[in-house]
Amino acid sequence: AQTVTQSQPEMSVQEAETVTLSCTYDTSENNYYLFWYKQPPSRQMILVIRQEAYKQQNATENRFSVNFQKAAKSFSLKISDSQLGDTAMYFCAFMNPSYNQGGKLIFGQGTELSVKP
Amino acid sequence: DSGVTQTPKHLITATGQRVTLRCSPRSGDLSVYWYQQSLDQGLQFLIQYYNGEERAKGNILERFSAQQFPDLHSELNLSSLELGDSALYFCASSVGGGWEQFFGPGTRLTVL
Chain A
13 AQTVTQSQPE MSVQEAETVT LSCTYDTSEN NYYLFWYKQP PSRQMILVIR QEAYKQQNAT
73 ENRFSVNFQK AAKSFSLKIS DSQLGDTAMY FCAFMNPSYN QGGKLIFGQG TELSVKP
Chain B
3 DSGVTQTPKH LITATGQRVT LRCSPRSGDL SVYWYQQSLD QGLQFLIQYY NGEERAKGNI
63 LERFSAQQFP DLHSELNLSS LELGDSALYF CASSVGGGWE QFFGPGTRLT VL
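Order-wise, the sequence lines are chains A and B. Here the first sequence is numbered in my numbering, starting from 13 and rising by one per residue. Here the second sequence is numbered in my numbering, starting from 3 and rising by one per residue.
Hints were generated in silico from the structure; no laboratory data involved. Only a predicted model underlies this, so the values are computations on that prediction, with no experimental measurement involved. Be careful, since some hints might not be right.
Chain A side only, calculated, beta carbon under 8 Å to chain B, not exhaustive [claimed, not checked]:
#1 R55
#2 L59
#3 R62
#4 Y66
#5 F103
#6 P109
C-beta atoms are modelled at their ideal positions from N, C-alpha and C, and glycine is treated no differently.
Chain B on its own, in the form it takes in the complex:
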């Protein structure tokens, strides 16, 4: 158990819908990262927050957004979902940028 929690574990929804994925970092960690793992794209970095502020952005679609709240938990919002958004979404946390990242169990999103 890495200490990073993600909810829900599985999510099945339809095209065009909007979903929210939630992540709670390890106690004491200020940085949260979101990654997407799909068969065709592999593991890709989406976005990072540090203590509530956006620090780095990867290949995140405009339909996706994220935020980190004062209690340091983070949410990833995916809207206007397409079939290609089906993937495993990981959250990871670290003490700060440049430190070891510990991954949550992931949320499996299936878009039908």
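Only chain A is shown next, with the shape it has when bound in the complex:
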């Protein structure tokens, strides 16, 4: 069974600084997707970034980028130029897109990020 582990329950960063959130996962599959979702105090789940396992290039979305290390089964999220609006819970998630798995997301425990002015 696949598992996702986020070892940092809480982190804080000063506004405009850079912060990296860690995520490791365990799977025997070769084809899978990894995601970071953000959950602000409103509780809405917002997709931040997505990485396909077959792609060697790390995904980037504006201030958000990932460091995907397939052999190490590591998938960290880097937030550059942190903003107050980045304050949220961040969840790492794994997906096996095969038919019988249906594309369900397996989530880590979350990292609560506070951006301080």
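Based on the hints, put chain B in the right spot on chain A.
Okay, now just chain B, sitting in the frame of chain A:
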């Protein structure tokens, strides 16, 4: 706004009761997923439907059931409710299995 709607936003009920949560997916999405978020269990996948058929099942209790209707909206039925069922229930939708999922705002269920 993700385009996924869920009703009601909040639900307060008593132990032993039955409730129905409703979800309308984004226009064009055929897959609907249900997730439960609680303090002790975290975010857990419950069940997925694709174009009306059950595709995958997670740790969904026997007291819970779901279905997806021909117009693609989905309902999650929770019966014989217990205090531990209090949680935030999310619906998500995607074009198909293996695609990006977009989440609704959730239904907050409180069982007293």
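Problem set entry | Enumerated hints in conflict with the structure, sorted upward | Violated: hint 4 alone.
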